[in-house]
Amino acid sequence: MKKWKKFSLFFILTAALTGLFTTTVSAVSPFILLGGKEGDLQPEILQRLYDNFVKDDRWKYLVEGLGRTLLITVVAMIIGTLIGFLLAIIRVAHDKNGSVPVLNVIARLYITIIRGTPVMIQLLIIYFVIFASVDIDKMLVAIIAFGLNSAAYVSETVRSGIMSIDNGQFEAAKSLGLGFPAAMIHIILPQAFKNILPALGNELIALLKETSISGYIGLMDLTRGGDYIRSVTYEAFLPLIAVALIYLVIVILLSAGVSKLEKRLKKNER
Amino acid sequence: MSDNIKNGEVLIRVENLSKSFGDNLVLDDISMEIKKGDVISVIGPSGCGKSTFIRSLNLLEEPTGGSIFFEGTDITERGVDIRQIREKIGMVFQQFNLFDNMTVKKNIMLAPVKLKLMTKEQAQTRAMELLETVGLADKADNYPSQLSGGQKQRVAIARSLAMEPDVMLFDEPTSALDPEMVGEVLNIMKDLATKGMTMVVVTHEMGFAREVSTRTIFIDGGKIQEDDVPEKVFTDPKNERLRDFLKSVL
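Just so you know, the sequences run in chain order A and B. Quick note on numbering: the first sequence equals residues 1 to 270 in our numbering. Quick note on numbering: the second sequence equals residues 271 to 520 in our numbering.
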C-alpha cells in the first residue's frame, strides 16, 4: 500500500510538472512568436486547443492512434519474447552441450542481420518487398516487423541472463538426472528472468517508442495521428506536445508495472 | 538394478581413465574399483586431479580416454542414457548448488517428481523424512538464501538422497564451510556411512578420512599413488609424495 502511495505521488508530480511546463510554454510562445498582446492570451490558447483537438473530432486521431500503437507494441512484445527466448535457449544449448549446431548458426545469423540493420528499413522491406504483391493489413506488417526486431534484442538479453546463473545450478540439475529442458524450465529460466526483468522492461519501452515509425508504411499510429493534426491545423506545437505527453505517460506506467513485478519476484527469495 | 548387487561386489569400475584439458593432462591412466558398501576418501594436494576424478564418475567431466563401468554398463560409451545413470549416482558439491529459486522442500522434491519416480505426495512425505534425518524439518519452506552454509549442505545431501542413489559422490563437501559448521555436515555423512551407503568423498578432512572411510586413495600428478585402508595410508605411508603431503596437512 505504501509503495502505491509513493508511486502515485511521483506520478502526480511528474504529470503536474509536465502540465505546468506545457501550459507555460504554450501560453508564452504565441506571445513571442506572434507578437500578440498579453490580453489576448486566454482566448487565444483556448481557440487553439479547440482547433487542434475538438474541431472535427480531431482528438480521435490521437485516441485511435494510441490504440494502434498499444496493440502493435503488446503483440510485438509477445512475439519478440517468445522468439527471443527460443533463440537464446538454442544458443545456450549449443554453448553448453555443443548440440543443435545448425539451429545455432541460423540463430546467430538472424541476430546479426536484425541488429545490423535499422528497424525502419526492416519495416519497409517487409511491407514493400516481402508483402509487395499481397494485400495485407498494415497493422499485421507492423506487428511482424517490430516483433521480429524485438526478438533479436530480447534473445541477447535472455542469453546474458542465463549466463549470469552459476554453472553449479546446471551441474546440480544434471547430477540428479534432470535433462537440459527440465533444468532450463524449472531452475535456470526462473532465476534468469528475475535478473533480466529490468532489461526486458527497457526493451519494452524502446519497442513502444520504435513503433512511432509505423507511419512510414501509412499506418495511422499515435505519432502519425498527431502529425496529421499538425498538417490540417498548420500548428505543430500542441499536437506534437500532446503526442509526446501520451508516450511519456505510457512509459511511466510501464516502468511502474515492471518495478512492481520486480519487487514481487524478489519477495520470493526472502 | 541395485538390488542385484550385494555388499562387496563391484559397483563402479574405472579402467585407464584419463582426462586432459587442452595440453594439460589432469588424470593419467587411472584404474580402480568401487565396491558396494565402500566409503572411499580421496585425498591429495590441490590441483592433483581429485575433483576431476570424482566429477568424471558421473560424467560431469567428459573423460578423454578409458572407460567407467557403473553396475556393469560402460557409461562412457555413446548411446548410453547418462541421465538414467545419474539418477543412481548422488552428488554433493563444494558450493552446495541448491536451486535458489525454490524452497528447501521443493529442492528435494523436484527431481523425483519431474523424473516420475514419485508422485508429488510421495515426494513430499519423503522430503520431510529426509529433512528430519538431517535435522532441518523446520526449514522446509525456507529459501536457500535464508540458510547457513552447513544447513545448505545438509539440504543438498537430503536432495541427493531423495533419488535413492546407489552411490554418493562428495566433492569437498565441507571446504566452503565456516569451521564451526563442518561438524554438522560430517556427522550426517558419518551416519550415512554407518547405514551402509557407498560413498566417494574428496576431502581435506583427514580426521574424517581416517575414522570413517574404509579406503583412502591418495592422488597426485593425475595418478593414484596409494590406495589402501586408512590405517596404512596414514600411519605407514609408503609413497614419498604421500609422506610429504601428510606432513604438510597433519
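Calculated from the structure, these hints are not laboratory results. Careful, some of the hints might be misleading.
[Stated by the list, open to error] In silico lysine-lysine, BS3-like type, Cα no more than 30 Å apart, as pairs:
| # | chain 1 | residue 1 | chain 2 | residue 2 |
| --- | --- | --- | --- | --- |
| 1 | B | Lys-517 | A | Lys-174 |
| 2 | B | Lys-376 | A | Lys-194 |
| 3 | B | Lys-465 | A | Lys-96 |
| 4 | A | Lys-267 | B | Lys-465 |
| 5 | A | Lys-96 | B | Lys-493 |
| 6 | B | Lys-390 | A | Lys-194 |
| 7 | B | Lys-493 | B | Lys-306 |
| 8 | B | Lys-386 | B | Lys-306 |
| 9 | A | Lys-96 | B | Lys-358 |
| 10 | A | Lys-194 | B | Lys-386 |
| 11 | B | Lys-409 | B | Lys-276 |
| 12 | B | Lys-306 | A | Lys-174 |
[Said to hold, decoys possible] Listed below are several chain A residues computed to face chain B (Cβ distance under 8 Å; list not exhaustive):
| # | residue |
| --- | --- |
| 13 | Gly-116 |
| 14 | Thr-117 |
| 15 | Lys-174 |
| 16 | Leu-176 |
| 17 | Gln-191 |
[Claimed, not checked] Covered by chain B, according to a simulated footprint, are these stretches of chain A (three or more residues, beta-carbon under 8 Å):
| # | stretch |
| --- | --- |
| 18 | 161-172 |
| 19 | 177-184 |
Glycine residues also receive a C-beta, built at the ideal position from the N, C-alpha and C atoms.
Satisfaction of hint between A:Lys-96 and B:Lys-465, Cα-Cα up to 30 Å: violated, 37 Å
How about A:Gly-116: closest beta carbon in chain B under 8 Å, or not? violated, 34 Å
Quickly compare the C-alpha distance for B:Lys-306 and A:Lys-174 to 30 Å and report which way the hint goes. With Cα atoms ~23 Å apart, B:Lys-306 and A:Lys-174 stay inside 30 Å; holds.
A:Lys-96 and B:Lys-493: Cα distance at most 30 Å? holds, 29 Å
Does A:Lys-96 pair with B:Lys-358 here, judged by a C-alpha cut-off of 30 Å? holds, 23 Å
Given the hinted pair B:Lys-376 and A:Lys-194, is their alpha-carbon gap at most 30 Å? The given pair, whose Cα atoms are some 19 Å apart, holds under the 30 Å limit.
With the threshold set at 30 Å, check whether the alpha-carbon distance from B:Lys-390 to A:Lys-194 stays at or below it. OK: B:Lys-390 and A:Lys-194 at ~26 Å, within 30 Å.
Satisfaction of hint between B:Lys-276 and B:Lys-409, Cα-Cα up to 30 Å: With a Cα-Cα distance of about 36 Å, the restraint between B:Lys-409 and B:Lys-276 is violated, given a limit of 30 Å.
Chain B contact restraint on A:Lys-174 - CB to CB distance below 8 Å: holds, 7 Å
Min Cβ distance, A:Leu-176 to chain B: is it shorter than 8 Å? Nearest chain B Cβ about 4 Å off; hint holds.
Under the criterion that the straight-line Cα-Cα distance not exceed 30 Å, is the pair A:Lys-194, B:Lys-386 satisfied? holds, 28 Å
When I compare C-beta atoms, does the stretch 161-172 of chain A have three or more residues closer than 8 Å to chain B? Answer holds; 5 residues pass the 8 Å Cβ test.
Taken one by one, the earlier hints fail for this structure at numbers 1, 3, 4, 11, 13, 14, listed in ascending order.
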